[in-house]
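Student: Combine both chains into one complex, guided by the hints.
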Amino acid sequence: MLKLFVFLKPFRASVALVLALALAQSLASLYLPRLMADIVDHGIVPDDRRQIMIYGGLMLLMALVSTAASVGSSFFSAKVASGFGRDVRNRIFDRVAHFSVHQFDRFSTASLITRTTNDTTQVQQVLIMMMTMVITAPMMAIGGIILSLSQDTRLARVLIAVIPILGVIFFLIMRKAVPLFQLMQVKIDRLNLVLDEGLTGVRVIRAFDRNAHESRRFDAANLDLTGNAIAVNRLVSLLMPAMFFMMNLTSVSIIYVGALRIDAGQMHVGAMLASLQYAIQILFSVFMVTAMFVMLPRAAASAERINAVLDVIPDVNDPAAPVSTGATRGRVEFDNVTFQYPGAEEPALSGVSFIAKAGEVTAIIGGTGSGKSTLAGLIPRFYDVNGGRVLVDGVDVRDMRQEDLRAKIGYVPQKAVLFSGTIATNIRFGREAATDDEVTKAATVAQAAEFIDQKPEGYAAPVSQGGTNLSGGQKQRLAIARALVRNAEIYVFDDSCSALDFATDAKLRTALRSETTAATVFIVSQRIGTVMNADRIIVLDDGQVVGIGAHGDLIKTCAVYREIAESQASLEEVA
Amino acid sequence: MSSERDAIKRQAPPTSIFGRGPMGGFGMPVQKAKDFKGTLRRLMGYLRPHQTKLQIVVGAGVIATVFSVVGPKLLGKATTKVFEGYLARQAGAATGIDFGYVGNILTWLVVLYVVSSSFLYLQQYLMSGIAQKTVYALRRDVEAKFSKMPLKFFDSRTHGEILSRAVNDLDNISSTLQQNLTQLISSVLSVIGIIVMMLTISWIMTLVVLASLPLSVTIVATIAKRSQAYFIRQQKALGEMNGHVAEMYSGHAIVTAFGHEERSVGKFKELNDRYYEGAWRAQFATGMIFPIMMFVGNLSYVAVAVIGGYLVTIRSIALGDVQAFIQYSRQFSMPITQLSSMANTIQLTIASAERVFELLDEAEEPADPIPASTVPTPRGEVRIDHMSFSYKPDTPLIEDMSIDVQPGQMVAIVGHTGAGKTTLVNLLMRFYDINAGAIRVDGVDIREMTRGGLRKIFGMVLQDTWLFSGTIRDNIAYGREDATEDEIVRAAKAAHADHFVRTLPENYNTIINEEATNLSQGQKQLLTIARAFVADPAILILDEATSSVDTRTEVLIQKAMAQLMHGRTTFVIAHRLSTIRNADLILMMEQGRIVEKGTHEELLAASGKYSDLYRSQFSKLVEASL
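Chains A and B, in that order, give the protein sequences. In terms of the numbering used here, the first sequence has 322 at position 322, counting the first letter as 1, and numbering is strictly consecutive. In terms of the numbering used here, the second sequence has 532 at position 532, counting the first letter as 1, and numbering is strictly consecutive.
Take the hints with a grain of salt, since some may be wrong.
[Unchecked claim] Each computed DSS-like pair below joins lysine-lysine, with the alpha-carbon atoms no more than 30 Å apart: (1) B/Lys267 - A/Lys441; (2) B/Lys392 - A/Lys455; (3) A/Lys79 - B/Lys269; (4) B/Lys269 - A/Lys415; (5) B/Lys609 - A/Lys507; (6) A/Lys79 - B/Lys267; (7) A/Lys415 - B/Lys152; (8) A/Lys455 - B/Lys152; (9) B/Lys267 - A/Lys3; (10) A/Lys187 - B/Lys524; (11) A/Lys176 - B/Lys53; (12) A/Lys556 - B/Lys559; (13) A/Lys455 - B/Lys267; (14) A/Lys415 - B/Lys559; (15) B/Lys148 - A/Lys187; (16) A/Lys441 - B/Lys609; (17) A/Lys79 - B/Lys225.
Honestly, the hints are just simulated from the structure, not real lab data.
Chain B on its own, in the form it takes in the complex (with noise of 0.2 Å):
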């Protein structure tokens, strides 16, 4: 379970408090989404109950650009002040620097900067909590739709799948929403605002700092597409070698028991090359994005410097000018690289939004009925009539099935493994419904029930044992919403588990850990049959294989068992050969099929296939101990 986790949490981008920078998007191969506009569109429709939030930010964020665009320009005039200054005292003036104004100047700047600041702040603070809330409202959407699907869904994929998108892809739609909206929102105006500021000044400068616009965008791009190929090499074989490392991991033993140490160590190393000759390529093509874009920024720097100064000697500009438009400038290249690496970005996060989206628009179960039919003291009787189900439309499996369980009576279900007795309890439990006939339950059928209503008659004790983490009261108490400790304490008597659960330091608190490794298999399982002595259900559905349990813990599972099957209605999915003797009716199932039933004595009179299976398996024992 937690190696499915661990898988995720390798593939997600690792998370940096500055968020992905402004080169996380670059060079990474992007997967395009199917349908852009109309997953943005459901996505900003997530984010409309935060609309006059969302307005503010986006008008925190215009004060703070504006402020912070018009900053330099003032410094520009300070410093053109002080060389006017600078150039009177050398021509021999008295006065110097017009203090008085360049002090006003510098007062005005500080409040400036106070204001941008302040507002810069108040933009990501509210930020913050629409991103948040946003996801929030997705993770519990995709949750609650959890809850509906039908357990067709489940089955049919795999939890890392389901995990990859509940988890990763929500992630990936939150760093986006924190970070990359407002830096639009701040990019595109600081472009828009620098280019007006830098037209104030002189627009032929402005056009020799614009000149080196396509010239960066070029650049990236070309590095961007050469360097798709390393990616998708490095990506490729790095799916190989951890792909090889989990296998050669998971069966460790046998290749230590098949003396393949050396081979095995000889092939990874061979896939840790592949990989390592794509990787230094596609780090060397990121890694080199930023000395270029640094190198074009230079460009206008100098560009900048040696014409910006040839216009002060011819007195069209002012030298403080000069100084504003390098800041200028240099401003410029920061929201231009945002930009471009976002591109990428909201690809990629569109992308995840339209899996996620998916996920959400799966079939559901069909709702309960309005009004429902309940059965309120359920005495355990069911009739199965003419049944028929397969999970494929195209390969038929169980065909007009009829039996009739009368209260108490216990029903053995046998088989080879793999036999399909897991589909019958699938059909009454109604995790998949029926395609013909009914199922009735004290003459009700189960359709005209409600789920919770159909569950609650049944109780379920399966091989495979599931307890969550939590305290081993909460994990018995699970069987009913108010159970009292009463109920919980009489129920682990019951199921034979009060006494080991009393050798625990810390008795019923004791907190079943992720894996439940902190108890045996067979203490799992007397806790899953207290939990069903606390449901009290009226109908049993038991699984009675205990593979890997000690012997004398699966004395008292038995025991435990039998005490809970007493007086009930039970469908047992046998394997002790008393059980099967002594069952009201046996069905015998082979590759989903029911092919016999009937009483032991009936089927051994049959001489069928169960008649087979008995003499196979049980006379052995007879034989030997003649």
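Bound conformation, chain A alone (with noise of 0.2 Å):
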């Protein structure tokens, strides 16, 4: 958690005003028993009523300067909090957004986003508190007893005695109170994955029948949840009357320690007057310190979660001295490459080998896991091998800059992912400078001009947020045109036509066909279909190649490809 406070930085000096102001602001609170005390002892009990008037002036200035001080120490430590979880949350999307594909993969989208939002607001809230309290508070409570101490020792000592023995109390019920607090969140958690998941699975429930086994299900979570709930509040609720108690009980202490000294003529009235409003201001701030102390495990169990981003440095990066391609265009070469995902037991690929030329569509099949995806993510550099190299026009995609890479590469993910806004924009994030008559021309290639033109708004018709608004197939032919409006010289399908129905497929393919004649054509595939016109198919088992070549030949000599083959059709079409 104190890592983070590196972030406060640019805000010392405002900080430093915040403590200040608010320092300010306890002593002139603290002063005001004082004052009372004076009007007591100089102006009641010598009946000087224009004594009670100077210090009831003196007062009311007290009053006004620890307000004065209070807001001016709240609009620094808004600014402050509020440039510090601004800040913070500038840093860790900056540095996710450098993620290479594989760390981002590391931890999940969900978490991510939490980490973005909610706990970089927890901390910041937080800190706040902290720095409007941590001062206060045990200024408060320190000044309080030095100003009692001042006013009488033998009275002081009784609050001294009384905060240790508060602050144990406080202590014990929290220690208990806060594991219990714990226990209910993972209980609510489990409450909300129940809910969730009768919810997800509606269809099956119903269809086996099974409401009854859900609500029992839910039943039992729930009176767990409930049990617990009303065993930590029934414990917290200890807290206030135990408060309130020991303040009263100090209070009584003090007016009887106080009255025996006042007899003994060894103190004055009013400060025994004075000494009851301190134990208040006190024993008050005592609570306050507590309640802080709550609040800052789940803070900092936030900020470890930032720092856990925020501590990973992105591993592709650009090369200090870049290298460019010369003139050759859309070559794509594999040398000997070895991939393994940190953590793994064994590689996901392992010593693939080929080259690819521009005007080749070279198409890459095996069933899941066997490292077709992995294979396409390295030519847009989404990783850097272990072993081996991957050259685009002769040079390793290690020495050039990222960005002159990928702007060489269109690439369609399996899954397609569309971004709010409008059909046409999705389409532009391929290239922001393509004209209108270069998008229209992308979607006609990509199938997907049709549906475009049955809107009513056309290209500037809305996509929502993930593009939710539009079906799966529609999605992934946006998808396409984007990659194809790049005009780029490699293109690579990642299995981006799963959601198309086979006419679309096979008409997306001719046209795809013509379009792309310059350039390096990947496509990654489980469909025979798609793949067998491909110029070079490269057969992926378990992360190495069991076999390169046409689809004839691999018939005959390929085992896994047959075995693909076989598995998807009847084998008389096949043979």
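Tutor: Structure follows, in structure tokens:
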């Protein structure tokens, strides 16, 4: 958690100001009972009304000073905390944006989102609390003790004795309560999980007529949570009464001890009154400090999660001295490439070698887990290889600027991802400077123009977040158009036609073929029908190349290829 | 799935041990409830079973408050006695403070405080039970409601929306019942009690203290109104920023592939700045309230000190009274603050309760008929008689469909993606009710059966594998209530799943985690087939689509499906050529309608849409191999 304090550096001056103002506020507030005592001792006792007025005026002044300081402190701490939050968020987002694809995959998307938004807010809120209370509360407590000591030492000792007692009571209650709270969070999660599963699986539950079973499951979780919540709340309800009782007991003790001392002539009445005020202030600040400590563990957990992200250094970076490719276009070479995901037991790819030139269509086929998408991902350098090299246009991809490399590639992922905006902005994501004609042309080739024209707004039709207002097939076609509009040297289609029916898929492939004659095309697929006509088919099995060649040859020579083909159509069709 | 749950968590206010505190409800723009009184009454209805306990709570609250309100006055009496003794000493008297009297009062005070604190604790103790049990009942009612809702309800809403009501809104209600109800009682009583006590001392001073009330109310109201605009701005900017984060993170690979990192970061910084501008202002506005309330409190303090001091000098009141008054004025400000923030909180809570009640008032499925017809030993004959159905009344979907399926036959449903193949599934399983005509299983209209009874006749294996977080054994056993271990293993073997289960370290006890990521897609599919085996239905509904499954597992799946289909009437959403060709009946669907039906040979001969599809898909394979 302390690691994050480095983000406070630019706010040093404001933080100092906040602390100074908080100090001023505490002192001013603490002075009020003192002045009150003075009113009693110098005004009431001697019946001097003018003194009463004078001290009253001073009190008013002090109150104003305290308030002004408090408001000022509030102002600056609001700015500091919000600024801190803003800076941390910026840093996290920037860091994550530059993560390589596999670094990103180490965290789940949902968790990264929470870390950027929720966790930052948690830390921010605790920061505010700390800034306003970390000075004020102890200040009030210590200042109160000092001032009451200055009034009368014996009486002050009563107060000093009470504080640790109170502290211990709170500590004991909290120690029991905090783990119970954490447990409650677990049970809340469990309840939500059951509810969520009930919603997603509603068809299956009803299909198997298991409503009763689900209700029982839910009831168990519900009961469990309720029991825990009652226990926790009952425990915590001890706090307030305990605090009030201690405060009141303290007041009683002060009066008793005070009376003794006053009677012995060792103390003034005003001192007793002032001590009563201090007692309340002190005990209240002890209470606040405890409250703050309760929020700390949660914020510390958030801070840890944030640091976990910030500690990760992007591992796919630009070289110090980037090399530019020459006149060669569209040449992709894999030279004995081996790649292993960090922490994995076995390499995802081993010893993969091939050369693909401009104008050729290279297909990659294999079952899931065979390494197809990994191979496709190495081309735009989503990850760095462990052995061998990936060369584009004769240059190792690690020696190029990432920007330059990716500008050569049009990539279409397995699951189409669109962004909120319009159809046109989504297609232009591939190339901002694309003209309307180029956008339309890309859409036509991608077999998307049809459905776009059917929409009343056409290319200006809105696309909602995540593209949820479009069907899977429509999204895929737009993703393809987005890549096409780039006029890239190299196209990588990672199983991008899976949501399309056979007819559209066939039309698409025909259109693509004529459109991308000059480019190097990579198609990753599981369908034999899609890869059949490629110039070169790479068959992967368990990360290794088990066959490279054309369809006709592979059917005869490659067992894995034949196996795949057989499972997708009856034997006679394919043989 | 869990991303939705995380989203729900993000929206919920942070729960704190000390509750939302006195400042909790300030500033946030309030969603007004549409029918405040009605919803309130209904919510109170849920409290009715706890009536007696509530009465005790109120009673305890009254006692606690009364005793704590009387305290300062007594303390003041003690102080006055001390003061008198002190003055007497000063004047040279022999005896000073009357310790007998003082001691007496102090003892009484201690007793008072013990009683007050105990009753305060009792109040909270009972309230915990009441509040949590009430929310328990609400949660249970919501869940029970879910099981009676038609599928239409779930299909037309995002899970996030539904969960938000079931979780966030109930959370709100729970917190409010837990804390604010007792706070309300004690605050109101405190205010009344304190005013009464103050009046018994000095009406002048009471007026002085009361004068601060309208002052603080106006200040808070002004600040709240001014800050509303900032809060709205903040929330809006937050929504946009979060939306951007969600999008860019979900599409991280694309952003990287297209080199959009810098642009994305730039946009984020812009949104972040906008949020900052709204956020610090809103924060400051909220932060200002406390100091200003303190100032008003201090103002009273000063006024009481000065005026009180003056009154003591003219012997109008005693010194102890001044001290008591100071205590009262301090004690006064807290309940006032609490009451004003409570107004906001209560609004929010009633709005939440309203949303929950809306849920509970949703139309349910028509109940199962009593007495219901049953089909004790289903043979698997399905007849659809002139059936019509549409999801929306003005967009006709299936019209006048009639098919006749004999036991053991296989019906293949074919069509493009999005053609509406799942509609038929929805209707057969009676997830949706047809508009006209009838569907009969073994001669019995499905509407005359109980839904449970009907669905037991069918078995479903869909592309979307749904497994819950439990053991593999439990998931397979889900197919039938009292499946024996033997039956489970046999089913797993038949589904070719037994082998891979045994390669797992915990075998059948392996727990499938939340998002079921510890199993591959193919393995999940095999488990759902095993589940269907356990159910041993007479009629099967199968979706053959097996994208993103590795070849070897796919072969297993096909074998398993073939075995499952053996001897059963099957409706298959077909993707494989061999399945379609061997079907006894092919239903060709397009945009939800059945456009052609017949056997493979018949449809080819008819040279219609099926013929087109067949030739475009499968003929290529034939060509290439020549």
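Student: Does each hint hold? Answer for all of them.
Tutor: Hint check results:
1. B/Lys267 - A/Lys441: 29 Å, holds
2. B/Lys392 - A/Lys455: Satisfied, since the Cα-Cα distance of roughly 20 Å is no more than 30 Å.
3. A/Lys79 - B/Lys269: 17 Å, holds
4. B/Lys269 - A/Lys415: Answer holds: B/Lys269 to A/Lys415 is near 28 Å, not above 30 Å.
5. B/Lys609 - A/Lys507: Since the Cα atoms of B/Lys609 and A/Lys507 sit roughly 17 Å apart, the hinted pair holds (cutoff 30 Å).
6. A/Lys79 - B/Lys267: Given pair A/Lys79, B/Lys267 holds - Cα atoms ~22 Å apart, limit 30 Å.
7. A/Lys415 - B/Lys152: Measuring from Cα to Cα gives roughly 27 Å; hence the hint holds.
8. A/Lys455 - B/Lys152: Given that 30 Å is the threshold and the Cα spacing comes to 26 Å, the pair holds.
9. B/Lys267 - A/Lys3: 27 Å, holds
10. A/Lys187 - B/Lys524: 27 Å, holds
11. A/Lys176 - B/Lys53: 27 Å, holds
12. A/Lys556 - B/Lys559: 25 Å, holds
13. A/Lys455 - B/Lys267: 29 Å, holds
14. A/Lys415 - B/Lys559: 28 Å, holds
15. B/Lys148 - A/Lys187: 25 Å, holds
16. A/Lys441 - B/Lys609: 29 Å, holds
17. A/Lys79 - B/Lys225: Distance of about 21 Å is within 30 Å: holds.
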